Amino acid sequence: MKHDHSKERIKKMCDMLGEDFDSPKCQAMAEQVKACPTCKVYYDTVKKTVLLCKQNDCEEELPAEVNSRLMKLLDL
Amino acid sequence: MDETILVEKAKDGDKAALAQLVQTYSGKIYNLALRILRNKEDAEDILQETFLTVVEKLHTFDGRSGFFTWIYRIATNASLMKLRKKKLVFKDIANEDDYNDSIESRVFVDWTQDPSINVYDEEIKKKIDEAVNKLSDIYRSVFVLRDIEGLSIKETSAILNISEENVKIRLRRARQFLRDILSEYFEERVVN
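In the order they appear, the protein sequences are chains H and D. If you count by the numbering used here, then the first sequence holds residues 1 to 76, one letter each, in order. If you count by the numbering used here, then the second sequence holds residues 1001 to 1192, one letter each, in order.
Because the hints were derived from the structure by calculation, they are not lab data. Quantities reported herein were computed from a predicted structural model and do not represent experimental measurements. Hints should not be assumed to be uniformly reliable.
Simulated pairs of lysine to aspartate or glutamate, DMTMM-like, Cα-Cα distance not exceeding 25 Å [what the hints assert, rightly or not]:
(1) D:Lys1134 x D:Glu1044
(2) H:Lys40 x D:Glu1096
(3) H:Lys47 x D:Glu1155
Each pair of labels, with its calculated beta carbon distance range [stated by the list, open to error]:
(4) H:Glu60 x D:Asp1121: 14 to 24 Å
(5) H:Glu31 x D:Ile1005: 46 to 56 Å
(6) H:Gln32 x D:Asp1002: 29 to 39 Å
(7) D:Val1109 x H:Lys25: 24 to 34 Å
(8) H:Ala64 x D:Asp1097: 27 to 37 Å
(9) H:Lys54 x D:Ser1065: 23 to 33 Å
(10) D:Lys1011 x H:Lys54: 28 to 38 Å
(11) H:Glu60 x D:Ser1105: 39 to 49 Å
(12) D:Glu1041 x H:Lys7: 43 to 53 Å
(13) H:Lys25 x D:Asn1095: 17 to 27 Å
(14) D:Asp1097 x H:Lys25: 14 to 24 Å
(15) H:Lys7 x D:Met1001: 23 to 33 Å
(16) D:Glu1041 x H:Glu31: 44 to 54 Å
(17) D:Val1109 x H:Met71: 48 to 58 Å
For each residue, glycine too, the CB sits at the ideal point set by N, CA and C.
Let the hints inform the model, and build the full structure from the sequences given.
This is the structure we're talking about:
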C-alpha cells in the first residue's frame, strides 16, 4: 500500500509540473511533497532548473544594422 | 496611439503606422526567434520573414486574436519550420508512466542549495545552453513562450494553436527533460 501511495504522489506531483510554480495549486503541492523526500528533491530540482534557465537568458537589444536592413527590406 | 488604430491605419497603407508596429515588435520578435533557434543569423531571417508575412497578410487580420498573438504566431511558426529544416534529432521522454515509475526508484542528489551552481559560471551557462538546444521543437516552443518569455498558458495556447492542457503537458515534459540533463551534471559536481 505504501508503494502505491508513493506512486500516486509522484504522479500527482508530475502532473503539476506544467503549471506556474507560484500558482496556488503548485504552492499546495510544494507543501505536500515535503512528506516525501524523493518527491521534494525532484520537485525542487525541476524548479531550480527553470530558474537557472531563466537567469541564463538575457534579452538582446536588436542590433542597429539588423533593424536598418529590416526597414530597408520593408521600404519604411 | 492605440494599437488597434495603428493596425487599422497600417491595413489602409499608412507607412508611418506600419513603421510604428515594426518598431514596437521587432525587438520582441528577434529575441523570440533567437530563443527558439539560438542563432543570430537565423533570428534575423525570421525577423524579416515575419514582417514580410505581416505586410502580405495584414489585410486578413480580423482582430479576433490580438495583434500580439497574431504576430507571435507567425514568428513562432516560422522559427519552428526553420528548426525542423535543420533535421536535428532530439531525445524525448519515451513513456510517462515508465518515467514516473523511475522517479520512485531513483536516488536524487539535492544540488539546489549549492551556491557554486549559478549562471555566473561559464561552464554552467554552456551546459544550460546545450540542454535547451537538445529540446525538440514542440517542447522548446512551449518552454520559450512560457518559462522564458513569461507568457500565460492561455496566450501560449493561442499562439501555438494547441489546447491549454497540451501546453501544460509539453511544458512539464520540457522541464523534466532539462532537469534530467542538467541534474546529471550538477549531481556529479556536488558529489565530487
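Requested in this report: Could you tell me whether the CB distance from glutamate 1041 of chain D to glutamate 31 of chain H stays inside 44 to 54 Å?
Outcome: holds, 47 Å
**Report entry** C-beta pair glutamate 31 of chain H, isoleucine 1005 of chain D: status relative to the range 46 to 56 Å that was hinted
**Finding:** Holds - the Cβ-Cβ distance for glutamate 31 of chain H and isoleucine 1005 of chain D, about 48 Å, lies within 46 to 56 Å.
Query raised in the report: Is 17 to 27 Å right for how far apart the beta carbons of lysine 25 of chain H and asparagine 1095 of chain D are?
Result: holds, 25 Å
Query - Status of the given 23 to 33 Å range, CB of methionine 1001 of chain D versus CB of lysine 7 of chain H - result: violated, 57 Å
Query - Whether the CB-CB distance between valine 1109 of chain D and methionine 71 of chain H falls inside 48 to 58 Å - result: For valine 1109 of chain D and methionine 71 of chain H the Cβ distance comes to about 52 Å; the hint holds.
Query raised in the report: Using the C-beta atoms of alanine 64 of chain H and aspartate 1097 of chain D, is the stated range 27 to 37 Å upheld?
Result: Given a distance of about 52 Å, which is not inside 27 to 37 Å, the answer is violated.
**Report entry** Satisfaction of hint between glutamate 1155 of chain D and lysine 47 of chain H, Cα-Cα up to 25 Å
**Finding:** holds, 22 Å
**Report entry** Straight-line alpha-carbon gap lysine 40 of chain H to glutamate 1096 of chain D, limit 25 Å
**Finding:** Holds - the C-alpha atoms of glutamate 1096 of chain D and lysine 40 of chain H are around 19 Å apart, at most 25 Å.
Query raised in the report: Between valine 1109 of chain D and lysine 25 of chain H, does the beta-carbon spacing fit 24 to 34 Å?
Result: holds, 27 Å
**Report entry** Distance restraint evaluation - lysine 1011 of chain D, lysine 54 of chain H, Cβ atoms, bounds 28 to 38 Å
**Finding:** holds, 36 Å
**Report entry** Satisfaction of the hinted span 14 to 24 Å by the C-beta atoms belonging to glutamate 60 of chain H and aspartate 1121 of chain D
**Finding:** holds, 21 Å
Requested in this report: Take the C-beta atom of aspartate 1097 of chain D and the C-beta atom of lysine 25 of chain H, compute their distance, and say whether it sits inside 14 to 24 Å.
Outcome: About 22 Å separates the Cβ atoms of aspartate 1097 of chain D and lysine 25 of chain H, which means 14 to 24 Å holds.
Hint compliance for this structure: hints 6, 8 and 15 are broken, all remaining hints hold.
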